[in-house]
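Participant: Each chain is listed here by its residues.
Protein chains: 2
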Amino acid sequence: MSLNIVEASHKKAKPESEKIPFGRTFTDHMFVMDYEENKGWHEPRIVPYEPLTLDPAAMIFHYGQTVFEGLKAYRTDDDRVLLFRPEKNFERLNLSSDRLSIPPVDEQEVLGYLKELVQLEKDWVPSFEGTSLYIRPFIIATEPSLAVAPSKSYKLMIILSPVGPYFSGGIKPVTINVEDKFTRAVKGGTGMAKTAGNYSSGYQAQAKAVEEGNNDVLWLDGVEKRYIEEVGSMNIFFKIDGEIVTPSLSGSILQGITRTSILELLRKWEVPVNERRISIDELYQAYEDGKLEEAFGTGTAAVISPVGELNWLGKKMVINDHEIGALSQELYDTITGIQRGRKDDRYGWTVEV
Amino acid sequence: MSLNIVEASHKKAKPESEKIPFGRTFTDHMFVMDYEENKGWHEPRIVPYEPLTLDPAAMIFHYGQTVFEGLKAYRTDDDRVLLFRPEKNFERLNLSSDRLSIPPVDEQEVLGYLKELVQLEKDWVPSFEGTSLYIRPFIIATEPSLAVAPSKSYKLMIILSPVGPYFSGGIKPVTINVEDKFTRAVKGGTGMAKTAGNYSSGYQAQAKAVEEGNNDVLWLDGVEKRYIEEVGSMNIFFKIDGEIVTPSLSGSILQGITRTSILELLRKWEVPVNERRISIDELYQAYEDGKLEEAFGTGTAAVISPVGELNWLGKKMVINDHEIGALSQELYDTITGIQRGRKDDRYGWTVEV
Ligand SMILES: Cc1ncc(COP(=O)(O)O)c(C=O)c1O
Ligand SMILES: Cc1ncc(COP(=O)(O)O)c(C=O)c1O
Chain A
7 MSLNIVEASH KKAKPESEKI PFGRTFTDHM FVMDYEENKG WHEPRIVPYE PLTLDPAAMI
67 FHYGQTVFEG LKAYRTDDDR VLLFRPEKNF ERLNLSSDRL SIPPVDEQEV LGYLKELVQL
127 EKDWVPSFEG TSLYIRPFII ATEPSLAVAP SKSYKLMIIL SPVGPYFSGG IKPVTINVED
187 KFTRAVKGGT GMAKTAGNYS SGYQAQAKAV EEGNNDVLWL DGVEKRYIEE VGSMNIFFKI
247 DGEIVTPSLS GSILQGITRT SILELLRKWE VPVNERRISI DELYQAYEDG KLEEAFGTGT
307 AAVISPVGEL NWLGKKMVIN DHEIGALSQE LYDTITGIQR GRKDDRYGWT VEV
Chain B
7 MSLNIVEASH KKAKPESEKI PFGRTFTDHM FVMDYEENKG WHEPRIVPYE PLTLDPAAMI
67 FHYGQTVFEG LKAYRTDDDR VLLFRPEKNF ERLNLSSDRL SIPPVDEQEV LGYLKELVQL
127 EKDWVPSFEG TSLYIRPFII ATEPSLAVAP SKSYKLMIIL SPVGPYFSGG IKPVTINVED
187 KFTRAVKGGT GMAKTAGNYS SGYQAQAKAV EEGNNDVLWL DGVEKRYIEE VGSMNIFFKI
247 DGEIVTPSLS GSILQGITRT SILELLRKWE VPVNERRISI DELYQAYEDG KLEEAFGTGT
307 AAVISPVGEL NWLGKKMVIN DHEIGALSQE LYDTITGIQR GRKDDRYGWT VEV
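First to last, the sequence lines map onto chains A and B. First residue of the first sequence? That's 7 in this note's numbering, and the numbers climb one at a time after it. First residue of the second sequence? That's 7 in this note's numbering, and the numbers climb one at a time after it.
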């Protein structure tokens with residue numbers, strides 16, 4: 007399909023330092039594409055960033071039929087702009103859409119449009135250390151109908167937002183509360199999909215965790231409330247007695263692209279890694295035995311976010327003395343190095359815009 | 007707060023028969039009220055029904071922070087307009103909001119605005135047998151931010167839609183599939199809240215059920231996949247060996263207002279009723295023993311929707327020979343009679359507009 011581009015007449019001011027609050031500044035343009043039952047996905051276009059006009063009965067407002075993605079564009083020292091494994095985001099978008107009964111997109115085609123959008127907004131990719139351009143593709147159901155059934159029309163949009171460094175002033179390990187009451191997801195539910203309802207359902211647990219002095223929540227499985235699943239917007243890894251353990255994809259956790267990349271790296275490096283069920287009791291036992299050597303969350307936002315402390319039912323696990331571990335640091339340096347074009351991209355993970 | 011009313015200059019044509027498709031026709035006006043962190047809920051207003059304008063980053067599109075309600079206005083034979091226990095809907099709206107970290111509304115105040123809106127749109131309450139005016143209050147998060155955190159601004163809206171009879175040509179018992187793979191809700195999740203994400207997550211199970219010749223889905227609990235929870239948008243009741251059994255409010259099912267009303271009626275009538283856990287195995291055993299006498303869903307849409315057939319893992323339970331049972335019929339007649347002003351409202355359930 008041919009992409010129509012309408013240039014914005016007025017250009018906004020770009021951030022002038024690395025102090026950019028997350029997800030509040032948007033670039034001059036956005037990508038939009040529509041779906042209708044008889045036309046399929048059509049009318050791909052880049053237009054000025056502008057408000058959306060929707061019927062109050064549009065299904066997105068009532069039954070939550072929506073999916074999204076999150077990835078970043080990075081500026082290299084020699085002023086190229088790189089995306090990190092973006093094809094995996096559109097693959098996952100379609101996986102999420104399938105769960106939510108949303109029609110799939112042509113992954114290659116939409117990736118092509120994304121590249122055109124980022125190309126147009128190239129000057130918005132910040133160059134300050136640790137900054138990047140956050141990319142948010144999302145699909146919403148737009149049919150004006152209160153019938154509880156899949157929508158007959160959708161809108162796919164891509165908006166772009168320059169973001170500051172996740173860690174300002176050096177990597178700081180986080181404190182995380184193991185949630186024992188609220189549930190994020192369960193087998194047969196939507197946990198493996200990146201869909202809106204999975205996030206707001208965690209706000210109460212998040213608020214409780216923060217009140218008690220934590221930064222985030224570690225979710226347990228919804229059935230037994232024993233098996234470790236993931237952190238708010240991150241997958242979780244542990245180094246136990248020299249082996250790296252991460253929860254297997256049970257159907258209720260998100261298949262993180264950072265998680266996949268780390269597993270691939272560790273296997274290349276011949277570090278013992280194990281994707282399996284791991285219970286919070288087992289983790290605590292490992293901690294008591296002095297075998298819990300490192301813990302870190304992984305995701306597009308931070309790449310690696312070391313966990314310095316876990317709080318579980320009044321028990322505290324302090325990990326690696328609240329310091330980032332050697333392996334966490336190596337993974338962080340490797341992946342951010344590849345993303346920034348400072349390390350050899352030997353796996354072909356980056357895509358230049 | 008004083009309610010501002012802007013009248014629509016153009017009035018739409020009202021439906022001229024009882025053949026009104028559900029949730030596609032909307033009246034001339036809607037109610038809107040805004041929330042901002044420092045102002046609280048403010049600027050209640052009735053305005054012409056018109057499209058909403060929202061930033062593409064508005065949080066409703068990304069993290070699903072939203073709740074809704076559903077109730078009806080009925081026209082009596084002597085041309086009065088009645089609401090059925092509307093205070094319960096605003097009580098439940100606040101319960102849902104609490105789960106989704108949305109600030110509560112003043113229930114009495116919003117009920118007052120709703121009455122003003124219905125008063126203004128009185129001519130839209132259809133008079134054909136079985137028709138009514140469906141009322142959809144909903145709250146959406148509007149802050150333009152991609153941070154995974156509660157929104158600092160919200161919009162509460164109420165839209166109205168004339169709807170046709172749920173059953174056209176007499177009550178018809180439905181066929182329902184007992185879902186064994188997908189999960190709707192789990193303890194600690196959002197199942198007890200009326201929030202968007204709970205509905206689209208059921209579309210796949212719904213499509214599968216319909217493909218296999220059913221009308222709807224019966225959900226089992228998310229933990230053991232054994233205990234009966236509810237139907238798509240209805241609570242469920244069984245008559246087993248003379249006793250009425252309905253699943254207790256486990257935290258993962260919606261507290262239906264029709265359910266509450268039926269329990270109250272049955273207790274007044276001194277019919278034995280039991281709110282408790284009931285497993286699908288137990289139900290099947292009762293069926294095999296010839297003790298499953300009636301089954302019916304309850305909700306605002308149909309009031310009572312008799313279940314004629316349940317399909318569970320290839321086993322079929324035919325209930326009361328695919329006919330509505332005597333008790334189901336009596337409950338239906340009583341509640342619809344009260345709603346339409348044809349029966350004495352001895353419990354004070356209706357509110358005249
Ligand atoms: C629930 C959840 N888990 C994990 C992740 C990490 O995935 P990725 O590495 O693809 O960013 C994310 C986020 O982006 C997420 O939202
Ligand atoms: C999930 C669910 N269960 C039950 C009900 C029935 O509730 P009520 O009787 O208040 O309409 C509804 C609907 O409205 C619902 O959405």
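Since the hints were made in silico from the structure, they are not lab data. Take these hints with a grain of salt, some might be off.
Which copy is meant is left open, because identical chains are indistinguishable; a pair holds if it fits in one copy or across any two.
As a list, the in silico SDA-like pairs of lysine to any residue whose alpha-carbon atoms are at most 25 Å apart [as the list claims (entries may be wrong)]:
{"#": "1", "residue 1": "K193", "residue 2": "S256"}
{"#": "2", "residue 1": "K161", "residue 2": "R30"}
{"#": "3", "residue 1": "K321", "residue 2": "M163"}
{"#": "4", "residue 1": "K45", "residue 2": "N280"}
{"#": "5", "residue 1": "K349", "residue 2": "L271"}
Participant: Provide an ascending list of the numbers of those earlier hints which the structure does not satisfy.
Facilitator: Checked against the structure, the hints that fail are numbers 3, 4, while the rest are satisfied.
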